[in-house]
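**Student:** Spelled out from the first residue to the last, the chains are:
Number of protein chains: 2
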Amino acid sequence: MSLVKPRTPPGTLELLPLDQIAFQGMLDVIRRNYERFGFLPVETPAFELAEVLLTKSGGETERQVYMVQSTGSIKQGYEADLALRFDLTVPLARYVAEHEHALNFPFRRYQMQRVYRGESAQRGRFREFYQCDIDVIGKDQLSVRYDAEIMAVIHAVFSELKAGPFCMHVNHRRLLRGFFRSLGVATGEAQTLVLREVDKLDKRGLDKVRATLVEGEFGMQPDQVDCLLALVARRSNSHAEAIGMLDELGSHNEELVQGVQELREVLELVRALGVPEGCYCVNFSIARGLDYYTGTVFETILTEHPDIGSVCSGGRYENLASHYTKSRLPGVGISIGATRLFWQLREAGLIGTADSSVQILVTQMDAALSPAYAAIATSLRHAGINTEMTLEPGKLGKQLKYASKAGIPFAIIMGSDELNKGVVQVKDLRKEEQFEVPRADLVRTLQVELEQVRALKRTHP
Amino acid sequence: MSLVKPRTPPGTLELLPLDQIAFQGMLDVIRRNYERFGFLPVETPAFELAEVLLTKSGGETERQVYMVQSTGSIKQGYEADLALRFDLTVPLARYVAEHEHALNFPFRRYQMQRVYRGESAQRGRFREFYQCDIDVIGKDQLSVRYDAEIMAVIHAVFSELKAGPFCMHVNHRRLLRGFFRSLGVATGEAQTLVLREVDKLDKRGLDKVRATLVEGEFGMQPDQVDCLLALVARRSNSHAEAIGMLDELGSHNEELVQGVQELREVLELVRALGVPEGCYCVNFSIARGLDYYTGTVFETILTEHPDIGSVCSGGRYENLASHYTKSRLPGVGISIGATRLFWQLREAGLIGTADSSVQILVTQMDAALSPAYAAIATSLRHAGINTEMTLEPGKLGKQLKYASKAGIPFAIIMGSDELNKGVVQVKDLRKEEQFEVPRADLVRTLQVELEQVRALKRTHP
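Those protein sequences? They're chains A and B, same order as listed. Mapping to the working numbering: the first sequence position 378 is 378, numbers consecutive. Mapping to the working numbering: the second sequence position 166 is 166, numbers consecutive.
Source of the hints: derived by calculation from the structure; they are not laboratory data. Honestly, I wouldn't trust all of these hints.
Note that the list lumps identical chains together, so a pair holds whenever it fits in one copy or between two copies.
Stated by the list, open to error - Here are the simulated BS3-like pairs of lysine-lysine, each with C-alpha atoms no more than 25 Å apart in a straight line:
id: 1; residue 1: K326; residue 2: K162
id: 2; residue 1: K5; residue 2: K326
id: 3; residue 1: K200; residue 2: K139
id: 4; residue 1: K421; residue 2: K395
id: 5; residue 1: K457; residue 2: K405
id: 6; residue 1: K457; residue 2: K200
id: 7; residue 1: K401; residue 2: K139
id: 8; residue 1: K421; residue 2: K208
id: 9; residue 1: K421; residue 2: K5
id: 10; residue 1: K139; residue 2: K405
id: 11; residue 1: K75; residue 2: K405
Remember, it's a predicted structure, so these values are computed and weren't measured experimentally.
Model the full assembly from the supplied sequences, consistent with the hints where possible.
**Tutor:** Here it is, written out as structure tokens:
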């Protein structure tokens, strides 16, 4: 039989077990913090009815959609009527509209699942990747205070992820529009176009954006463009400076006033929620590409790795599910692209291979003692200790080498001498030390040792 | 704009949040126990290259495969070259073959992901469902002791799932073949056919299977068929009886002897691993439909719900990845179909809606006290308590009713009187009791209360 070369499709990230443990650890941190703030879990099917998923007309998104069809359906000549989700927002809209009467509003949900995009293959770009989203959905209305709570969640997640210092950059779409209006960019369309230009600042650079805004269709006055670009170049360095930047914007029109007021309320509550002021700043250049957002917008930058770009973005939107229901469902949410984040943190050297999830290896010195080894393993497992047992005969040295290589911190060794004396040998594979423990004290001793390993990791990750 | 009716595709199970919490709890139990026995996590992409996934020729499986293709690729007239996994075994084979040199053998992995089958829609049958698999893969060889360890894992999982009493039914394919040979069913093909007939006992009934074996192509002697059917009707009721049933089989041929010896070793180690003898039995009617298995085979039956069928099945196989590598990779594994299990346990009334993952609601009595409410919520969250905060103004009664309905056990109430006195009111929404606690004692008090709720749940689930 000729062999098929085993390989994964391009654009997928498959990990070896110790890397998977590290990745799982990241997902666990995100999930734990989402739950800590009272968000409820939702999972949706990987595929949706194409008719339901692809309600928006054409465009970039649809070209990247993966269609799904069973081989039976293909043979019968049908067209594909299923599609893999490309984000978690459209499934959320469908979910909330479908289950509207069974949900409590404001509905606070988290969802951590893979999404699929038929993007062109490219290093660091994924066709399958985890998104970890939270959203709060109101019925008819939703207090701007939820925007602040979302920021507190981002702060909690990234504080625990240990990806180094970070800063949440905040802006407000209405504020930005009001400011544009004060500069003479009056119509909604013109503002949208200017917002898009501002959004390209990072990619195109100041000069090109400046030239575009002065020339051609925009035709803004050079001094107005300078005023605009000066504003978007600023970042607040403290809570007081952030509030000061808002005050300086004045009150030229109602949009501006309303945007400033909302953003101020958000920032005050963010502070009250205990987020240190070094972790957030006002940044008027944040616009977010999507026209979808209507109020607060967030991006999160790792201070020491700005090149990675935003690791957690989102904002406030007017109406989640207008395609599916007449109910008005305003919301605010964010998304962490966990696969990309993990890959980038690993590339940046911030994430190493994890320790094994296995804590103890019960070695096999003498096959005749198998029942005694089994009894030890069982007692450790009952005490909540993740325990692997050697079941193949083999040299002890080889077994210990395996444990070291596999990242297992401790091995239990017992021959008939130890069995008769009622003791076991514990080998600390990190310190290369070995000590004797009475059988009766084994669980307690290992719990203490494992707690020390954990404590050491907390202080020297 | 005309509305699209929000709905999920047939054959998918989407849950409301409290059901999702219950389901997540089931997955957590499975994962925790898999890790407790030293299994390492693996995740593979949802889709594989069709050429890699569909190595086996034709048959039922291929007709049920979902092909995947991006809209861009469809427009360019290409054929679909991706397919969704239909189980976790083929991806495991591909994974082990692909990463063979980076893995330690015996390789012990767990994998809990969704799989996809284009089955005809039918109540209780799913097109997307979770499988939770463990396998141990050896290189060249793998001790039969691992079969016993797998049974200890099943025991640990189902003991904690609280799905009522259960029994692991065990058999051995080689033993069964040897026994058939002793009855004159000599060739491998005839044995395979007889095995398939035995496998149909549950569905077709004793008489029909008996008639098929006596008549036509099988042409077995009636007394031999009676001997066979008497044997497969027996179940051991204790460890001693299980061993006795093995001894009674005699030693007519080498296959039989070897099978008996292996199954005896498995059962002895299962007992040494602390599995109570009421939780396993020898059942010679277990054959498992797949020709894939070559040694020990398992099925797990919920004693009070035999109609559900096997909730956890698997067995020993000769060679995992012969399509991808020349290495011989024997293994043993099991699979829990978690989506189907959850659905069935819920149908049987064994699983109710879970309590909320939210533990505390900090209500809003007076919007002016928001910073104080935020400070309380933050202190609870820092203490690891899942806390939701009311951020919309509203009547206190309505807030408390919401908490009750949402399954949140405790609410915090604080007006300016309490703030000035340095206390808060804690409302126990189950007991409909309210008590006052000094702010400084709040975290500790709630930790005690929540521990009592947990303890009560453990004794009266």
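**Student:** Hint by hint, say whether it matches the structure.
**Tutor:** The hints, checked one at a time:
Within a single copy, K326 and K162 get their C-alpha atoms no closer than 43 Å, and across copies no closer than 43 Å, so neither meets the 25 Å cut-off. Proximity of K5 and K326 under a CA criterion of 25 Å is satisfied inter-copy only: 11 Å between copies versus 52 Å inside one chain copy. Taking the closest pair of Cα atoms, K200 and K139 never come within 25 Å of each other, the shortest separation being 34 Å inside a single copy and 54 Å across copies. Taking CA atoms no more than 25 Å apart as the test, K421 paired with K395 passes inside one copy only; the shortest distance there is 23 Å, against 69 Å between copies.
Taking identical chains as interchangeable, the C-alpha atoms of K457 and K405 lie at most 25 Å apart only when both belong to the same chain, with a minimum of 19 Å there against 41 Å between chains. Proximity of K457 to K200 under the C-alpha cut-off of 25 Å is found in neither arrangement, the shortest distances being 41 Å within a copy and 55 Å between copies. Taking the shortest alpha-carbon separations for K401 and K139, only the inter-copy value of 17 Å comes in at or below 25 Å, while the best intra-copy value is 60 Å. Within a single copy, K421 and K208 get their C-alpha atoms no closer than 81 Å, and across copies no closer than 61 Å, so neither meets the 25 Å cut-off.
For the homomeric pair K421 and K5, neither the shortest alpha-carbon distance inside one copy (54 Å) nor that between copies (72 Å) is at most 25 Å. For the homomeric pair K139 and K405, the shortest alpha-carbon distance between copies (17 Å) is at most 25 Å, but the shortest distance inside one copy (54 Å) is not. Within a single copy, K75 and K405 get their C-alpha atoms no closer than 50 Å, and across copies no closer than 49 Å, so neither meets the 25 Å cut-off.
When each numbered hint is compared with the structure, violations occur for hints 1, 3, 6, 8, 9 and 11.
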